[in-house]
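Novice: Residue strings, one per chain:
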Amino acid sequence: MPVDYEDNPLGWARRAFDRWLAAAAGDRADELIRWFQNYDEAAGWGDEPYLWVLKALPEGEQRTEAQAALARAIADVLARKPDEQPLGKYPEQVAHNLFLLAAATPRPDFLWAPLKAVYERRRLSGKFEGTDLRERLRAALTANQADDSLAVEWERMGAQAGGDFLPGSPVDAFYGVLMLPPRNGRPSARIGSALANAARHLGHDENLRRPRFMSPVEALKKAFPRGPVEWDVDLISMADHNNWPSWTRSCINVLVITQRGVSFMPGALGLGIESAYQITPLAELWGGQIVKMQLNNGALVYIERLRNAFERSLDLMSLRSDRAWEGLLGRTILDSASLLPQPETILEKVLPAHLRESGSINPGYLVGLAG
Amino acid sequence: MFQIFGRRPLSKHLLEDALRAFVERSDEYTAEDRAIALNLADDFRISPDREAHFLARVSQPPSSGTLRDDLTDYFKSEIRWGDPPVFLDGSNKDNFVPMATGKPGEPGLHPQLELARLLDLTGLHLVFERNTGHPSGEFAELQDKKGDLDYFRTWLEGKCTSAAAAKEHFVESTLRMLNEDRRLRKEWRYHPTWATLWTDFEEFGPHGATRWCQVMGVRPRADRAWVIALRYKVYEASGLCRPTQLDSDWGGCYHFPTSSGVPVEDGGLAMDRGGQAQQLVHEYIHPQTDHRLRHWTDGGSLMGQADWADPVGLPVQRQRHHDLLVRLGQSARRWRF
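Residue numbers (this note's numbering), protein chains in the order written: chain C, 1 to 371; chain E, 372 to 708.
To be clear, the hints were calculated from the coordinates, so they are not data collected in a lab. Treat the hints loosely; a few may be bogus.
Stated by the list, open to error - For lysine-lysine, the following BS3-like pairs were computed, each having C-alpha atoms within a straight-line distance of at most 30 Å:
id: 1; chain 1: E; residue 1: K447; chain 2: E; residue 2: K557
id: 2; chain 1: C; residue 1: K89; chain 2: C; residue 2: K55
id: 3; chain 1: E; residue 1: K474; chain 2: C; residue 2: K89
id: 4; chain 1: C; residue 1: K55; chain 2: E; residue 2: K517
id: 5; chain 1: C; residue 1: K222; chain 2: E; residue 2: K517
id: 6; chain 1: C; residue 1: K55; chain 2: E; residue 2: K474
id: 7; chain 1: E; residue 1: K474; chain 2: C; residue 2: K127
id: 8; chain 1: E; residue 1: K538; chain 2: E; residue 2: K517
id: 9; chain 1: C; residue 1: K81; chain 2: E; residue 2: K474
id: 10; chain 1: E; residue 1: K447; chain 2: C; residue 2: K55
id: 11; chain 1: C; residue 1: K89; chain 2: C; residue 2: K127
id: 12; chain 1: C; residue 1: K116; chain 2: E; residue 2: K474
id: 13; chain 1: E; residue 1: K538; chain 2: E; residue 2: K557
id: 14; chain 1: C; residue 1: K116; chain 2: C; residue 2: K55
What the hints assert, rightly or not - Covered, in the sense of this in silico footprint (three residues per stretch, anywhere, with C-beta under 8 Å from a C-beta of chain C), are these stretches of chain E:
id: 15; segment: 432-441
id: 16; segment: 567-575
What the hints assert, rightly or not - If the Cβ cut is set under 7 Å, some of the chain E residues that face chain C in the computed set are:
id: 17; residue: L459
id: 18; residue: S462
id: 19; residue: P478
id: 20; residue: T660
Given the structure is predicted, the values throughout are model-derived calculations rather than measurements. The C-beta atom is built at its ideal place from N, Cα and C for all residues, glycine as well.
Please model the complete structure; the sequences and the hints are all you need to start from.
Specialist: Put into structure tokens, the structure is as follows:
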């Protein structure tokens with residue numbers, strides 16, 4: 001335990017936490033319950049006490065041990081069945097802080113069994129400051145899954161079938177699936193379907209669905225690091241197998257991915273390449289929105305220039321909707337016409353196909369921009 | 372103007388002359404020195420705050436020779452023996468690897484992904500020597516042979532080539548001893564631990580310890596070193612970070628800065644010392660942490676002897692790594708190797 005602590009709220013919290021760590025394991029759960037009600041050192045803290053505890057965790061090599069001790073103490077509190085036996089003077093506040101602290105402390109080796117027991121008893125009820133405590137339990141379960149037993153629950157939530165104990169939207173269900181234990185370093189095979197459900201759920205708001213859907217996609221890519229190309233190809237495959245809504249095309253990189261000599265690109269662009277370079281597509285994916293082709297050198301040069309131009313424009317795009325993305329793609333394709341051996345292909349084939357794929361964009365938009 | 376830490380300074384930078392000499396005077400300095408100078412020039416992941424922290428600890432102005440000493444001192448005092456090591460300081464926050472909890476809008480690495488790290492048993496010579504009284508009795512034979520390196524190597528070879536059960540007992544005792552040593556003798560720490568994702572490392576298991584070291588971009592502390600591989604979960608290693616050149620010591624010539632645009636969750640990308648890589652291997656650092664026997668057995672009880680083999684030489688390794696980054700779509704085109 002350090003001798004000197006800073007004389008400010010963080011220093012006081014760290015000193016209190018270090019003393020808590022030094023206490024007998026049996027006493028830690030009682031103190032945690034008191035902290036969860038803003039008693040003792042957690043008094044006067046402006047936010048909920050679980051945040052105070054998280055801030056008080058030591059940095060450095062001691063942190064892993066401190067987190068393990070914290071997870072054990074949370075498990076001890078859970079073993080007192082807070083869903084059946086009210087704990088403390090403010091049992092809802094205790095439960096709220098307990099589950100959120102568990103959610104922020106992913107230690108399935110300590111927490112999965114007691115959290116699952118709360119879930120299986122189906123006795124948790126009540127609200128804290130207007131929020132259903134079962135939502136907090138869902139967050140704790142999401143972060144601490146040690147097996148696939150909740151997969152069915154997440155599927156039901158994703159399909160909005162209702163009827164089960166945990167409340168949540170298809171987006172919450174996606175995060176449940178995301179946090180299922182990895183298999184050989186990969187996400188659960190259910191992840192593509194979970195993303196399809198989330199996309200359908202978000203689809204009604206045409207202005208915000210693209211940025212909202214990109215958030216779970218980014219969460220998936222960051223949770224399981226792989227090369228960018230591998231992820232792009234996998235996401236196209238998921239979209240194809242699970243029939244993602246067509247607007248989600250703007251949320252993943254589809255222009256143009258090349259893996260082991262095979263390229264994937266938007267269907268309309270594939271038409272242009274086919275016509276200008278006499279290359280037959282190897283396959284159509286995702287209802288024809290994506291084509292797979294083996295490009296020759298001329299096509300590769302064209303594609304590289306097109307992609308660079310599109311990425312430059314995308315960086316500058318202030319509008320975040322999928323329609324804006326589709327408009328930008330159309331405009332870039334149009335601007336690239338002079339790079340093709342037969343520029344008229346763009347107007348005759350590629351743009352009409354692009355407008356069919358992108359749906360409701362005003363056809364005059366692209367032509368107007370071109371002028 | 373010489374770019375330093377990926378930034379072009381408005382006026383002459385304190386390190387410019389020292390780094391320039393490493394790069395330009397091949398008669399005096401080695402390929403290692405040149406590699407580190409180029410890495411310092413290009414490693415934009417060293418934030419202005421971290422740069423200021425480092426510059427406050429170098430001679431004013433440094434020559435190439437004093438800079439090398441200063442970097443060595445910085446590594447020892449601020450990282451290897453630091454409590455906490457400086458890579459956990461707020462000045463390095465851009466390199467903190469967040470852990471996912473499933474909370475929307477807060478992405479991070481999946482806490483149940485598995486990491487792989489190597490533990491160089493030969494490099495633990497002094498740690499074994501100061502723990503000859505360990506209750507396991509495994510290290511008692513070194514009591515009267517302290518400082519006798521030849522004896523130590525013979526002794527270690529005997530342990531590492533013993534029957535499976537004896538070997539397991541030795542590894543378990545060693546890991547327990549390291550955990551206890553860290554708590555009891557707080558002044559001696561061994562930060563950072565270099566790790567990769569187990570899925571990146573796994574395929575190299577049958578290829579032997581020399582190859583394990585090569586793909587992880589690390590060099591054992593001695594030739595013919597005994598090395599074990601450990602497999603453990605991300606949540607068992609708090610403080611996961613993307614490494615920078617400053618975390619690598621002068622031996623960090625085998626480091627190569629991560630390309631821009633790579634999410635911090637991907638960590639760094641290790642340079643294959645064998646120059647054979649076709650795929651990128653992620654790399655992370657974290658503070659020294661506890662290990663259990665299962666971390667060794669879960670990884671297939673991998674143990675082997677690694678040599679310093681550097682089959683293609685540092686300049687070629689760096690060029691091949693650079694080319695691989697570019698081929699796999701990373702933005703490293705402008706970097707010098």
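Novice: Each hint should be assessed against the structure and marked as holding or not.
Specialist: Tested hints:
1. E:K447 / E:K557: With a Cα-Cα distance of about 14 Å, the restraint between K447 of chain E and K557 of chain E holds, given a limit of 30 Å.
2. C:K89 / C:K55: Distance of about 24 Å is within 30 Å: holds.
3. E:K474 / C:K89: holds, 29 Å
4. C:K55 / E:K517: violated, 44 Å
5. C:K222 / E:K517: Between K222 of chain C and K517 of chain E the Cα gap is close to 48 Å, so the pair fails against 30 Å, i.e. violated.
6. C:K55 / E:K474: Distance of about 18 Å is within 30 Å: holds.
7. E:K474 / C:K127: With Cα atoms ~20 Å apart, K474 of chain E and K127 of chain C stay inside 30 Å; holds.
8. E:K538 / E:K517: It holds: about 22 Å lies between the C-alpha atoms, which stays within 30 Å.
9. C:K81 / E:K474: holds, 25 Å
10. E:K447 / C:K55: With a Cα-Cα distance of about 28 Å, the restraint between K447 of chain E and K55 of chain C holds, given a limit of 30 Å.
11. C:K89 / C:K127: holds, 15 Å
12. C:K116 / E:K474: holds, 19 Å
13. E:K538 / E:K557: holds, 28 Å
14. C:K116 / C:K55: Within the cut-off at roughly 27 Å; holds.
15. 432-441: violated (count 0)
16. 567-575: holds (count 3)
17. L459: holds, 5 Å
18. S462: With a closest approach of 13 Å, the S462 of chain E hint is violated.
19. P478: Holds - the Cβ of P478 of chain E comes within 7 Å of chain C, reaching about 4 Å at its closest.
20. T660: Result: holds, 5 Å to nearest chain C Cβ.
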